[in-house]
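Here's the letter readout for the chains.
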Amino acid sequence: MNDNAQDSENSLATMLRVERMPHIWCPGCGIGSVVTSFAEAIKRSKIDQDKLVVVSGIGCTGRVAGYVNFDSIHATHGRAIPVATGLKLANPDLKVVVFSGDGDLISIGGNHFIHAARRNMDLLVICVNNFTYGMTGGQVTPTTPTTANASTTPYGNYEYPFTLPLLADACGATYVARWTSLHSRNITQSIEEALQRRGFSFIEVITPCTTLYLRRNRLGDGVDALQYYQNNSELQHGLDTRATEIGFQGKIAVGKFVDREKPTYLDAVNQCNVKFIGDDYQLYGKTEPEKKVEEEKKPGVAVA
Amino acid sequence: MNIVAADPKGVDAGPHFMDGDHAIAEGALAAGCRFFAGYPITPSTETAERFAERAPEVGAMFIQMEDEIASIAALIGGAWGGQKVMTVTSGPGFSLMMENIGLAAMTETPMVVANVQRGGPSTGLPTLTAQQDMMQARFGSHGDYNIIAMSPDSPQECFDLTIEAFNLAEIYRTPVFIMTDETVGHMHEKVVIPSADKIKVVERNLYKGPKENFRPYGFDSKGGHPMTRAGDGYRFHITGLTHNERGYPVMTPEQNQIVLTHLIEKIDSNADTIIRLEEDQIEGAEVIVVSYGITSRIAVRAIQDARQKGLKVGSLRLITVWPFCERRIRELSNKVKAIVVVEINYGQMVREVERSAAGRCKVVSVNHCGGAVHDPNVILKAITEACR
Numbered sequence: 083m084n085d086n087a088q089d090s091e092n093s094l095a096t097m098l099r100v101e102r103m104p105h106i107w108c109p110g111c112g113i114g115s116v117v118t119s120f121a122e123a124i125k126r127s128k129i130d131q132d133k134l135v136v137v138s139g140i141g142c143t144g145r146v147a148g149y150v151n152f153d154s155i156h157a158t159h160g161r162a163i164p165v166a167t168g169l170k171l172a173n174p175d176l177k178v179v180v181f182s183g184d185g186d187l188i189s190i191g192g193n194h195f196i197h198a199a200r201r202n203m204d205l206l207v208i209c210v211n212n213f214t215y216g217m218t219g220g221q222v223t224p225t226t227p228t229t230a231n232a233s234t235t236p237y238g239n240y241e242y243p244f245t246l247p248l249l250a251d252a253c254g255a256t257y258v259a260r261w262t263s264l265h266s267r268n269i270t271q272s273i274e275e276a277l278q279r280r281g282f283s284f285i286e287v288i289t290p291c292t293t294l295y296l297r298r299n300r301l302g303d304g305v306d307a308l309q310y311y312q313n314n315s316e317l318q319h320g321l322d323t324r325a326t327e328i329g330f331q332g333k334i335a336v337g338k339f340v341d342r343e344k345p346t347y348l349d350a351v352n353q354c355n356v357k358f359i360g361d362d363y364q365l366y367g368k369t370e371p372e373k374k375v376e377e378e379k380k381p382g383v384a385v386a
Numbered sequence: 011m012n013i014v015a016a017d018p019k020g021v022d023a024g025p026h027f028m029d030g031d032h033a034i035a036e037g038a039l040a041a042g043c044r045f046f047a048g049y050p051i052t053p054s055t056e057t058a059e060r061f062a063e064r065a066p067e068v069g070a071m072f073i074q075m076e077d078e079i080a081s082i083a084a085l086i087g088g089a090w091g092g093q094k095v096m097t098v099t100s101g102p103g104f105s106l107m108m109e110n111i112g113l114a115a116m117t118e119t120p121m122v123v124a125n126v127q128r129g130g131p132s133t134g135l136p137t138l139t140a141q142q143d144m145m146q147a148r149f150g151s152h153g154d155y156n157i158i159a160m161s162p163d164s165p166q167e168c169f170d171l172t173i174e175a176f177n178l179a180e181i182y183r184t185p186v187f188i189m190t191d192e193t194v195g196h197m198h199e200k201v202v203i204p205s206a207d208k209i210k211v212v213e214r215n216l217y218k219g220p221k222e223n224f225r226p227y228g229f230d231s232k233g234g235h236p237m238t239r240a241g242d243g244y245r246f247h248i249t250g251l252t253h254n255e256r257g258y259p260v261m262t263p264e265q266n267q268i269v270l271t272h273l274i275e276k277i278d279s280n281a282d283t284i285i286r287l288e289e290d291q292i293e294g295a296e297v298i299v300v301s302y303g304i305t306s307r308i309a310v311r312a313i314q315d316a317r318q319k320g321l322k323v324g325s326l327r328l329i330t331v332w333p334f335c336e337r338r339i340r341e342l343s344n345k346v347k348a349i350v351v352v353e354i355n356y357g358q359m360v361r362e363v364e365r366s367a368a369g370r371c372k373v374v375s376v377n378h379c380g381g382a383v384h385d386p387n388v389i390l391k392a393i394t395e396a397c398r
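Protein chains in written order, with the numbering used here: chain A, 83 to 386; chain B, 11 to 398.
FYI, nobody ran anything at the bench for these hints, they're computed from the structure. There could be a bad hint or two in this list.
[To be verified] DSS-like cross-link-like pairs, simulated, lysine-lysine; straight-line CA separation at most 25 Å:
hint: 1; chain 1: A; residue 1: Lys-128; chain 2: B; residue 2: Lys-221
hint: 2; chain 1: B; residue 1: Lys-19; chain 2: A; residue 2: Lys-368
hint: 3; chain 1: A; residue 1: Lys-344; chain 2: A; residue 2: Lys-357
[Unchecked claim] Here are the simulated distance ranges between beta carbons:
hint: 4; chain 1: A; residue 1: Cys-108; chain 2: B; residue 2: His-152; range: 24 to 30 Å
hint: 5; chain 1: B; residue 1: Asn-266; chain 2: A; residue 2: Asp-361; range: 52 to 58 Å
hint: 6; chain 1: B; residue 1: Leu-216; chain 2: A; residue 2: Lys-357; range: 33 to 39 Å
Ideal Cβ positions, reconstructed from N, Cα and C, are used throughout, including at glycine.
Work the whole structure out from these sequences, hints included.
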């Protein structure tokens, strides 16, 4: 893939499997916006696109893996994170990104989410949170705000939702940010930044599900949703994640809440084994100096 | 098929005194497995423990995942990340793995899963032996697919068959199961690990052609289609959805037919190559005892006693359980009075024997609940009655 001398639209197209278009997402859906921001971030980050893998689970967001022109796995419902963990540990040179919806990532996949964060597995997890199960027809999820209407809470949601930045933070994630699908440039910037980080990075993007969540709750169309985001998003970098709760049609705290350094899972494996096994131990995965030597060997212009 | 000698780093050559669980871990390392994701469960945990201990010196990765679902999902990632992968479990964990075993079958992902069987159902008899998961191994995930399964009857065979399981997984791009049991898993015996140059290992068939011609699948009903790994630049896509050769979803009855025929036939059409049986005194036998795993060690005693009484008894031990040796049973059913099937369950593989014999001879099930091996006298009684 040659970045030079191509306009931005063309470059982004090379990151999509255009032969698979049109995509399945509804008009006004926010998933496509997040994918565009993602592609833009990849373009800007100059990372080796051959080493980038996208993994997703099941659901509307689960289909992202099928549309991006990278090595990609469309896994089972909730299991994107453990599949991504396997990829990363099998080949630590890979940059592994998980694209997942709120139901996929936090309900059925919740156990994997908390453990990958706890281990500080070197993954970037992007959660497209539209407060509902879109693919199956608008059921309640663990992030649906209390009182919101869903097809399985037809009289309003009586459960307490998860606040995802707080959950990620509490479990040990080293990078946590939240945006809405209105904030395309901020999403791009966050993804770009997170791709440079090592460790468990988590970016939540609040998006509209026009067909189900908005319609069931009489919240208008996609434009109305963006209007709501514009009027109610509050940029608060560094905000204590305990204050990031979202009530029904309430204020949405956005920004980068957590950015800290901590040894990754692989760092910890290597540190522990060096300590107990000593010089006989061969570090798992390429070491930073080894990578540098390889970088230097590469020709000036990256050609796919 | 690229067959090479084993990497000496993973081969702890020499005579050992070890149990079946440990022998599985050693077999995996000898076969070139460098990725293990697992979750503790009796009576299989010793395999994970041994792999964890050996991993740093071999340059392998061991990770204890949060559950069995995560373990098997990690294997799918690990395999497409370029490694030979394995996990080990027992009944309850095997049940949890089923959904992603289907994904592995659908995406034609090579992997080895050892099931050290214990008595079920449910929590059942965690520390006691059984062979109750034989049908689950073949049909446990939803939808139609195919797999390969083998059943070792000793720690030595745990080592040998684990290597073979890895080789078959590579050749046919499929999950392969080691269906052992608590008794073999915890039985200590002599295990001789040959030197690395004596161990034949099938290397992954990685696609090396031009990018535009790359296809992650080839639906030829034969198997052996080259694979790729993340990071090699081929930009593969795999999904559990019904897909075409590019890996893209095509959700039609016609495509489902193409995919299913391939998944089932790539193993069934090679059944004669895959299947390994151990036969003893089949010629002229009036009754044949079919057994597998630990049960065959008990059946030997009953067969010896029966022969001493002058009965003409042959033995057929299933080393490969799936695909089932349908053709051999059909041949034998024309020649013998009866086939006696001995297994520690309420009659699982006996159904396959009955189906293959199709009424041409009597089929006797010597079934037995989990928790203990058979009393050889019970098998002897069944043989004696079958000879009448």
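Evaluation of the provided hints:
Restraint check for Lys-128 (chain A) and Lys-221 (chain B): satisfied, since their Cα atoms lie roughly 21 Å apart, inside the 25 Å limit. Between the alpha carbons of Lys-19 (chain B) and Lys-368 (chain A) the distance comes to roughly 18 Å, so the proposed pair stays at or under 25 Å and holds. Straight-line distance between C-alpha atoms of Lys-344 (chain A) and Lys-357 (chain A) comes to about 18 Å, which keeps the hinted pair within the 25 Å bound. At about 29 Å, the CB distance of Cys-108 (chain A) to His-152 (chain B) agrees with the hint of 24 to 30 Å.
Taking the beta carbon of each, Asn-266 (chain B) and Asp-361 (chain A) are about 55 Å apart, inside 52 to 58 Å as hinted. A hinted range of 33 to 39 Å for the beta carbons of Leu-216 (chain B) and Lys-357 (chain A) is consistent with their spacing of about 36 Å.
Going through the hint list in order, the structure satisfies each hint without exception.
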